[in-house]
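Number of protein chains: 2
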Amino acid sequence: MNDYIAPGKDITFAINELAELNKISKLPGKEDATPDLIEAVIEEAARLANGVLSPHNKSGDEIGAKVVDKKVVPADGFADIYNAFREGGWPALPFGPERGGQGLPELVATAANEIWQAANMSFALCPMLTEGAAVAIDAHASEALKEIYLPKMISGEWTGTMNLTESQAGSDLAAVKTRAEPEGDHYLISGQKIFITWGDQDFTENIVHLVLARLPDAPQGIKGISLFIVPKYLVNDDGSLGERNDVYPVSVEHKLGIHASPTCIMSYGDNGGAIGYLVGEPHSGINCMFTMMNHARLAVGVQGLSISERAYQQALNYAKERTQGQALGQKGRVTIIHHPDVRRMLMLMKSGIEAMRGLCYVSAASLDYIHHAETDDIKAQHSERFALLTPVVKAWCTELAQELSSLGVQVHGGMGFIEETGAAQHFRDARITTIYEGTTGIQAQDLVGRKVIRDSGKAMKDLLEEMHQVGKEIVSLDNDNFVSFQSNYIKAVQTLEKATTWLLENYQSDANAPGSVAVNFMMLMGTVCGGWLMARAALIASAKIDTGADDVEFYKGKIVTARFYADHFLPRADAYLASVMAGSESIMALSNDQF
Amino acid sequence: MNDYIAPGKDITFAINELAELNKISKLPGKEDATPDLIEAVIEEAARLANGVLSPHNKSGDEIGAKVVDKKVVPADGFADIYNAFREGGWPALPFGPERGGQGLPELVATAANEIWQAANMSFALCPMLTEGAAVAIDAHASEALKEIYLPKMISGEWTGTMNLTESQAGSDLAAVKTRAEPEGDHYLISGQKIFITWGDQDFTENIVHLVLARLPDAPQGIKGISLFIVPKYLVNDDGSLGERNDVYPVSVEHKLGIHASPTCIMSYGDNGGAIGYLVGEPHSGINCMFTMMNHARLAVGVQGLSISERAYQQALNYAKERTQGQALGQKGRVTIIHHPDVRRMLMLMKSGIEAMRGLCYVSAASLDYIHHAETDDIKAQHSERFALLTPVVKAWCTELAQELSSLGVQVHGGMGFIEETGAAQHFRDARITTIYEGTTGIQAQDLVGRKVIRDSGKAMKDLLEEMHQVGKEIVSLDNDNFVSFQSNYIKAVQTLEKATTWLLENYQSDANAPGSVAVNFMMLMGTVCGGWLMARAALIASAKIDTGADDVEFYKGKIVTARFYADHFLPRADAYLASVMAGSESIMALSNDQF
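Note that the protein sequences, when read in sequence, are chains A and B.
The numbering used here applies: residue 5 is where the first sequence begins, and numbers increase by one.
The numbering used here applies: residue 5 is where the second sequence begins, and numbers increase by one.
The set of hints was computed from the structure by calculation and includes no laboratory data.
Any given hint could be a false lead.
When chains are identical, the list treats them as one kind, so a pair holds in a single copy or across two.
List of simulated lysine-lysine pairs, BS3-like, C-alpha gap at most 25 Å [said to hold, decoys possible]:
1. 324 with 335
2. 227 with 335
3. 181 with 324
4. 548 with 13
5. 181 with 335
6. 62 with 324
7. 476 with 495
8. 476 with 560
9. 75 with 62
10. 462 with 502
11. 13 with 30
Input sequences plus hints: build the corresponding full structure.
Written out as structure tokens, the structure is:
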């Protein structure tokens with residue numbers, strides 16, 4: 005009982021209603037993205053996920069990946085998954101038709117990503133990173149490089165990787181030491197990279213490594229890093245594959261989770277230097293990297309959503325089957341879903357997931373406006389919004405995934421601790437998401453420093469204004485279902501406003517404040533953002549019911565999960581605010597020796 | 005870098021100051037328990053833990069236990085650990101001299117248990133369950149049975165187990181099916197038990213299984229269960245070992261954590277029936293079981309403390325060694341302990357651990373008063389207090405351990421996800437603690453139903469009164485360090501009071517309310533109890549500094565961790581209260597099909 009069935013109705017609701025697909029399909033070039041087409045795309049994705057990806061999730065965990073003779077041997081069945089994925093045309097989903105892509109909205113690609121990550125997170129990392137690498141090449145590489153690499157990556161014939169981390173350079177990329185020596189029209193790359201996801205595999209002919217390295221004349225620190233394409237096999241002028249390049253996987257890590265995703269130590273240049281090609285300008289690697297990273301941060305936030313959904317489905321199935329104890333108003337022994345505390349856990353999962361989905365999809369929709377809106381004004385609005393929300397999507401959704409995947413174990417009782425049950429795998433897999441692509445602390449500092457303090461809170465004020473508008477709509481309703489929203493939501497938005505004011509007023513007088521309060525600020529913001537989208541969902545559902553929509557039970561359910569969110573998630577906002585307003589004092593007071 | 009060093013100073017502070025050893029050593033029979041002796045005992049325990057138990061913690065995780073030919077083969081080295089543990093006389097620590105015990109306070113046994121569990125949780129489960137079984141035998145068995153079994157268990161020559169769970173009977177023990185047929189002076193036991201911790205091992209000559217089973221004439225449900233002693237080897241009249249009894253381990257589970265603790269499926273009576281001896285009256289097994297369970301619940305709460313301490317030490321060591329990035333006021337690259345967000349995580353761990361330790365030790369001290377106080381009044385007061393606090397110790401400490409052991413991973417960044425680092429083991433090991441010996445939900449319902457509603461809040465009022473007294477002491481201080489206590493602590497105690505009032509006023513009108521609000525009520529109570537003990541610790545430390553005690557830095561540190569607790573843990577109380585006061589409405593509103 006650990007199948008995954010993509011939740012098509014919930015996904016479609018979030019696409020159509022919260023992220024407003026009808027507006028996106030009015031953008032130039034996106035006219036084909038009609039609700040009918042998108043529903044068909046989601047159905048097709050669900051079919052592949054449910055039938056092909058998901059069945060290898062548990063076996064992949066058990067088998068894992070290994071390195072034999074400097075080659076990664078993926079878990080059994082993963083080559084077949086990849087081939088089915090490629091043949092379905094999925095790698096091409098969001099890319100422009102001019103490069104062989106399908107030109108569908110990022111919103112839809114994000115929904116598809118939710119489905120892949122839930123079905124098989126270890127596998128889905130491979131296309132996720134390929135897409136991120138392709139986006140970076142598309143944004144920064146020369147036309148000549150694009151012509152060689154992009155079509156093959158978009159078709160899925162080749163995969164891509166991101167090579168940032170070195171053992172001394174984790175969150176601190178300024179410490180990157182990998183060297184790039186110019187030689188003719190290319191560079192010779194040498195050094196060792198760690199934590200390289202899908203650094204090697206045997207199911208595509210070639211792999212395109214994007215590598216951060218330092219030129220000989222590079223200034224020290226973060227502004228001396230450049231980005232290079234280093235293909236596993238060199239590409240001849242006619243597009244055929246040439247020699248094996250001097251880059252190899254040394255080993256894969258033995259990890260807590262995502263066992264089937266080979267996390268490689270990669271060695272560049274052991275035999276003279278790996279041939280690489282500069283992407284963008286020298287020393288501008290950090291900007292190119294941010295293109296990849298922002299893309300990947302949204303995608304990792306989605307992983308938080310996905311693994312929570314997977315854990316929820318498994319817990320729900322168990323709760324509907326497992327008989328234990330008695331319940332009020334029920335004869336004899338009952339299935340445990342009847343017990344209020346089990347229901348509380350399932351509701352935390354369900355409503356948390358719906359809030360995350362809303363936030364992820366609305367953020368992804370901003371990407372479509374950024375790329376395709378007709379006016380610079382709208383592009384700028386969405387750039388501002390996407391920049392503000394990205395660290396929240398990444399950090400809040402993944403932190404919430406820790407809580408929810410742990411509840412998934414808890415619902416199972418003792419069986420949750422037994423690996424065969426499968427609940428523990430989701431809990432283990434989830435654990436990486438708050439760490440990679442920038443830890444929660446790094447995201448929170450990005451939010452507080454670059455996204456709130458730097459523009460003196462302007463982007464935040466714009467968002468708060470929208471949140472207040474939703475509050476006004478709710479206050480105007482005379483509906484019992486919105487009572488807790490009328491108090492808790494309005495208060496929570498004010499709480500976020502207070503925290504923002506506090507931050508802007510205190511960051512200069514207390515230089516340790518931004519770093520000290522960042523994570524609580526981010527958690528506060530994520531919680532309130534979730535409330536904003538749950539409030540919107542409830543308003544939409546309420547209107548659907550009022551206007552006689554079919555499937556009233558579905559919309560009533562949306563109102564209940566929203567109400568639960570207002571009752572049980574929004575009150576956390578006060579606790580986060582209190583921690584923020586406590587500042588850095590008691591955090592910084594101990595000497596190192598007093599720890 | 006995953007050594008464990010027992011934190012002797014913090015432990016001694018909690019024993020002497022918070023749990024007030026000086027009062028316990030005035031109890032009849034406890035006069036030997038002077039601070040000097042106890043400090044020496046703790047030092048000796050620390051030596052064994054640091055030198056013998058802890059070095060096998062990681063290897064035990066890697067090797068695990070297995071069943072070969074119906075025998076459990078423990079991980080390498082575990083027999084040696086057990087022998088050293090037994091030779092040190094540790095199993096005898098809290099038992100009365102009349103049975104060969106050392107007669108030391110339960111308070112001290114709890115401190116020792118903290119050390120064992122932190123050093124090697126998989127191992128420490130073995131003596132922990134033996135002690136629980138011995139306590140139950142001591143409380144309920146006939147003198148004849150006691151004479152046969154107790155001295156060997158107290159000396160550590162034999163170990164003990166608790167056999168409660170069956171596949172259809174987990175939280176719901178009323179569903180136990182294992183049968184006990186009378187035959188002469190004994191019973192023939194047959195059935196299968198699951199999740200039996202240390203159900204078998206090869207390092208003692210005998211194992212004493214305590215088994216819940218049903219007599220032929222037993223009424224249905226929980227009042228038809230009896231408790232039996234079923235030895236692995238029968239015991240002859242002269243005390244020598246006789247035939248192998250008909251009880252065998254079938255297999256061990258493949259678990260998320262505590263790999264070196266063999267979690268057995270035990271089969272009774274495959275060859276005609278395992279010989280067992282009734283403990284206590286027929287059909288009174290559930291009462292006998294509660295003796296074991298209450299003991300084990302305190303001990304599992306301590307595991308939450310222990311595994312958090314272990315995770316903290318590892319994270320702290322890493323934070324002091326790992327160089328990454330730059331920090332305010334520091335030249336060049338710094339160790340990550342300088343970063344405010346890392347410090348925030350370490351402080352959450354450190355102050356959460358100190359609060360848990362206070363709560364566990366103060367609760368354990370109540371056991372000493374229950375058993376040895378000179379007046380029935382004092383015994384009754386402490387019985388009431390211990391009953392009230394036990395579910396909180398068990399559930400809150402283990403829930404907090406989830407958060408803190410996860411932070412332990414997070415402090416390590418990417419290295420935390422790599423199994424070789426060791427942080428992930430603590431995170432995995434911790435995960436069982438909210439499940440076994442009664443899940444968090446079960447504890448919370450015990451608290452709400454049996455400990456608060458049943459006595460109309462009397463025990464809670466007595467506790468709140470003590471908490472208010474501490475508040476008054478704090479308010480009377482003119483000391484900057486107590487400002488956040490003066491607001492947050494006073495408010496948090498009132499919050500617990502409000503939740504109690506709400507519960508007592510609403511449980512009758514809404515029959516689903518107790519089950520729905522129980523976990524939030526328990527978390528609220530745990531958080532406030534932690535605040536109460538941190539406030540006491542700060543008051544004591546402040547007085548020590550004022551009276552010119554040595555080691556001012558240590559006491560100043562106590563004040564900082566207490567202040568951090570007031571700043572960052574106590575504000576959570578409001579969020580829990582809001583969830584409690586939301587009642588069952590949005591938790592119960594969905595139909596099963598709407599999930």
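So, going through the hints one by one against the coordinates:
1. In the homo-oligomer, the alpha carbons of residue 324 and residue 335 lie at most 25 Å apart inside one protomer (16 Å), although the nearest pairing across protomers, at 59 Å, exceeds that limit.
2. Taking the shortest Cα distances, residue 227 and residue 335 sit within 25 Å of each other only across copies (19 Å), while inside one copy they are farther apart (70 Å).
3. In this homomeric assembly, residue 181 and residue 324 come within 25 Å of each other (Cα to Cα) only across copies, at 23 Å, whereas the closest approach inside a single copy is 54 Å.
4. In this homomeric assembly, residue 548 and residue 13 come within 25 Å of each other (Cα to Cα) only inside a single copy, at 15 Å, whereas the closest approach across copies is 63 Å.
5. When the C-alpha separation of residue 181 and residue 335 is checked against a cutoff of 25 Å, the pair qualifies only between copies, where the shortest distance is 20 Å, while the shortest distance within a copy is 69 Å.
6. Taking the shortest alpha-carbon separations for residue 62 and residue 324, only the intra-copy value of 22 Å comes in at or below 25 Å, while the best inter-copy value is 37 Å.
7. Within a single copy, residue 476 and residue 495 get their C-alpha atoms as close as 12 Å, which meets the 25 Å cut-off; across copies the closest is 31 Å, which misses it.
8. For the identical chains of this complex, residue 476 and residue 560 are intra-copy neighbours only, at 21 Å inside a copy versus 49 Å across copies, given an alpha-carbon limit of 25 Å.
9. For a Cα distance limit of 25 Å, the shortest separation of residue 75 from residue 62 inside one copy, 23 Å, qualifies, whereas the shortest one across copies, 29 Å, does not.
10. For the homomeric pair residue 462 and residue 502, the shortest alpha-carbon distance inside one copy (14 Å) is at most 25 Å, but the shortest distance between copies (39 Å) is not.
11. When the C-alpha separation of residue 13 and residue 30 is checked against a cutoff of 25 Å, the pair qualifies only within one copy, where the shortest distance is 23 Å, while the shortest distance between copies is 68 Å.
The structure fails none of the hints (numbered hints given earlier).
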